[in-house]
Amino acid sequence: MSIDNLYQEIILEHYRHPQGKGISLENGVEVHHVNPSCGDEITLRAAIMDEKVGVSYDNTGCSISQASASMMWELVHGKPATEVLALEAEFLALMQSKGQGTDEDESLSDAIAFVGVSQFPARVKCALLPWMALKDALLQNLRSNNE
Amino acid sequence: MSIDNLYQEIILEHYRHPQGKGISLENGVEVHHVNPSCGDEITLRAAIMDEKVGVSYDNTGCSISQASASMMWELVHGKPATEVLALEAEFLALMQSKGQGTDEDESLSDAIAFVGVSQFPARVKCALLPWMALKDALLQNLRSNNE
Amino acid sequence: MIDVAAVKRDFPILSQRVRANRELIYLDSAATSQKPESVINAVSRFYQNTNAAIHRGAHALAEAATVEFESAREKIAHFIGAQSHEICFTKNATESINAVTYMFLNETIKAQRGIQVENPHFALQAGDEIVLTQMEHHANLVPWQELALKTGAELRFIPLNTEGRLDLSDLESIINNKTRVVSFVHQSNFLGTINPVNSIINRAKQVGALTLLDACQSVPHLTMNVKSIDVDFAVFSGHKMLGPLGVGVLYLKDPNSAPVFLTGGSMIEKVTLEKSTYAQAPQRFEAGTQAAAEVIGLAAAVDYLEQIGMEVIHRHELALTKLALEGLMQIPQVNIIGPTDLQERGGIISFTLADLHPHDVGQVLDEQGIAVRVGHHCAWPICTYFNVPATTRASFYLYNDEHDVEMLVSGVTRTLDYFGVS
Amino acid sequence: MIDVAAVKRDFPILSQRVRANRELIYLDSAATSQKPESVINAVSRFYQNTNAAIHRGAHALAEAATVEFESAREKIAHFIGAQSHEICFTKNATESINAVTYMFLNETIKAQRGIQVENPHFALQAGDEIVLTQMEHHANLVPWQELALKTGAELRFIPLNTEGRLDLSDLESIINNKTRVVSFVHQSNFLGTINPVNSIINRAKQVGALTLLDACQSVPHLTMNVKSIDVDFAVFSGHKMLGPLGVGVLYLKDPNSAPVFLTGGSMIEKVTLEKSTYAQAPQRFEAGTQAAAEVIGLAAAVDYLEQIGMEVIHRHELALTKLALEGLMQIPQVNIIGPTDLQERGGIISFTLADLHPHDVGQVLDEQGIAVRVGHHCAWPICTYFNVPATTRASFYLYNDEHDVEMLVSGVTRTLDYFGVS
Ligand SMILES: Cc1ncc(COP(=O)(O)O)c(C=O)c1O
Ligand SMILES: Cc1ncc(COP(=O)(O)O)c(C=O)c1O
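Chains as they are written, first to last, in the numbering used here: chain A, 32 to 178; chain B, 32 to 178; chain C, 23 to 444; chain D, 23 to 444.
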């Protein structure tokens, strides 16, 4: 359980060069999530257009939460909503795997690197923060589409 | 620390045959005191006439609190107020003596028997209940006389 | 069957000798239970190996402490059939009940001031009714009196009958459309009576009232499942179920819609000088540094209880109660206050002895090493109803055996002798 | 002079190794302190020998438990210069503060409803002012926000300056004739600043306001006497001063005139179904079964502290703080948030490191066995003021030494290396 498992090169890379950061999307549902124990924050805007998910976000926080947001953006932006929700479920399972990984985790591509984070209970919330925000925004989108 | 120290013959005697019990005094200040942990209660009426203390009381409670009230009545009824307050202080000191007694405790005459009670912390309050009621009533008397 | 001799060996205090070198016969578990070595060690071990502020640090100890604390929560929740986030920790059952009464007070005041309330169910109006029973512990009476005084709500009581059971004949009128909450004890700590939970909760549901169960004397002694009784709140104390002092539990069926009570660190989401928002359950109800060692100790107590089995414990206590009732009732000067049969009762027996004051009875029993409780047992209205100043109470637990019961019965006879009562 | 090597041996946890077999460098005592063997044993011994419900039984154990509990109270009261009946026990300082804010709420509502109040000082009116500071722990902020919301009182704040001290230049206007209560922290758990207690209390007295001192970070670390500062309420937590979790203290200058907060058993005088009267202090504030083992453990902690001496402890911490400030300030990427000199400060140091997030800093320190705290330290408004998302915080206690400080300083350098920051 060395921290090198936590801070894998690809995570530090995303942290130094975050992808998709900055609120660029004009429409969509905006949510604001906070990790009260450390103060990490994310503002995320998501819309579903032609079944495809559009996401943009801005955040402050530790390397883990920033890298997670960056990789999440790469992974989900432009994907169908159902696929995005499945990815979210997969990522959650990965984070609960206590370092074991899951059977289906290849779908997460680079974000598999977060398996190391799942060995550090105090950091799991950091990695999950952007995904929780995304899920919240998507569900709100779907709900308002149904109205 | 056998309970025979607690239940001395004279205490049981007063418990079986309480002296002065029943509210007979017509005037005076009436107080009601309770020992919340066991439910012992005393209603006590006291007046100061010609510098002398008149007391009457009614009570329910354990042998210790009943005997204490009975002996207190014998000791203080008709005595000058200053002497009664001194006796109260003496009795309090006796009850705090943890079985050692005090230098001046002869003034308490039979009530010296309560020295045994002072070895049982949970029963000290039982013995003190009537005295606390008496003190309260006397101080209220004195205060209203000063007005 | 419980191997009581083996159980007794697990409880260091029970091998003590008291007063004039008497064997300790501990019959005061309804007040507080004794603790097995495993619980005492769980507490010490936490301080020796893991102690750190939970939910607040990224360092190794804090991480380990948080994991231990949250798995303890899971175990304790599971013990009563709840999910983790549905229970929060308090210092004792008394605080748990106050938490609920203050939730009502807070929402009532906010509604009166036109502030948005979190849950209108908690906002009372003058004339609303709160239903309790005549056999409540002060912990489940005084906080409601305070709430009624401050909100204009009114208290109503399900009455006792002379057998020491609830008289439900007027239930339909006592719990009516004005009733907003019904709060009652599962097993009476004074009488030993086990109340008909389902009848009362069903009636409360018919009128849309919230329900609170004071499970202080049931969770430690029988199998209890909050989901199957479908109650809104349940409270109990760790120290009565082999756990450490300083930890109580509040179960909430719908925790995230309940207003907050104590506020401060760790229960917040975001704070500015002017305004704060609050975290989700269970953190929402756990302000300040939590009693982690005690919670972990309580989980060890649950392990101990589960290993023996709650059904087994309940049957064991009933067997002792049968023996004690039979023995005591053969003494003509004994008057049992509470049910004299084994139907719907647990291992708590209150009695008076001739016209001896219970304080004196307890003292003579204590001289013989027998620890019972004397007084009003924090349920003064029961004394008033039965017109006794106080009672002597014996209560049994898994570490008591027939010998303890025999000592009690012979101790009572010896007490009569001591005071020369015949 | 403290013989730290000897002290460390008294704390079992400090000989532990963490992560990849690192020596544990515990620098998180401001969150919670570690416990010496004597405290851990005092708790275990109570359960092994004395455990019983206090103030409630006539039997031998109950008597012994009550005597131990009340002498622990006496010792703890004496430690802060108070009399026994002036302190009551809570579960933590957070509850102590909530107790006071709820006393205000309860009296305010009673006054509004025309019910006789116990003490009109506690009854607020819309427009009354409550003064806090900008550096309060959430525990001394959020409960007052709730009180203000429910009573219409307004919050005012003594502001921070960039040095991390209070700016008292407007004190006369901030504390004015509308001020009813002034509540503030003695030593900031975030900045290490020790506030000018006398100036603030004197001004509060001029306008007749009640005062509350949050002494969570002072009672454990310096000599404090509630009488000489003449404060109305003071609060602190046992777990930050070598004591067990689950016990806090509330000091009240005038306890018998304060309204009640938690109600239930043991705090009553007399109870009927309709109405209850309450006991005198301290029982008045101690509803339900108290955490006797923890209180007795806290008395053992006071013994330990007194044996070393609070003056000695304070000087020791200042020496370590000096060393740490010097060491850290030699690293150009370190930015200290809080006073950088030793005037009126204690052994708590918050800092940021380049633009690394404190969570990452804490993680790399932890990998080296160094336990610090990262985050907003339950004082989010300080982060907002200094415009930092969070800080890394090291805090010292009697069991830390120069070696610990050196490890911290070199650990910070190594953290910069790890993330390639130069
Ligand atoms: C200054 C200050 N006030 C209040 C508290 C709250 O103490 P507790 O969490 O023990 O209730 C703390 C510690 O967290 C503190 O440092
Ligand atoms: C039925 C019942 N309710 C409430 C309580 C209060 O529990 P605690 O004193 O642990 O808060 C007790 C025990 O004293 C009890 O027996």
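Each hint should be verified, as a subset may be incorrect.
Stated by the list, open to error - Derived PhoX-like pairs (lysine-lysine); straight-line CA-CA distance at most 20 Å:
#, chain 1, residue 1, chain 2, residue 2
1, A, Lys-110, A, Lys-129
2, C, Lys-132, D, Lys-132
3, A, Lys-156, A, Lys-110
4, C, Lys-292, A, Lys-156
5, B, Lys-156, D, Lys-132
No lab work stands behind these hints, which were simulated from the structure alone.
Contradicted hints - numbers only
1, 3 and 5
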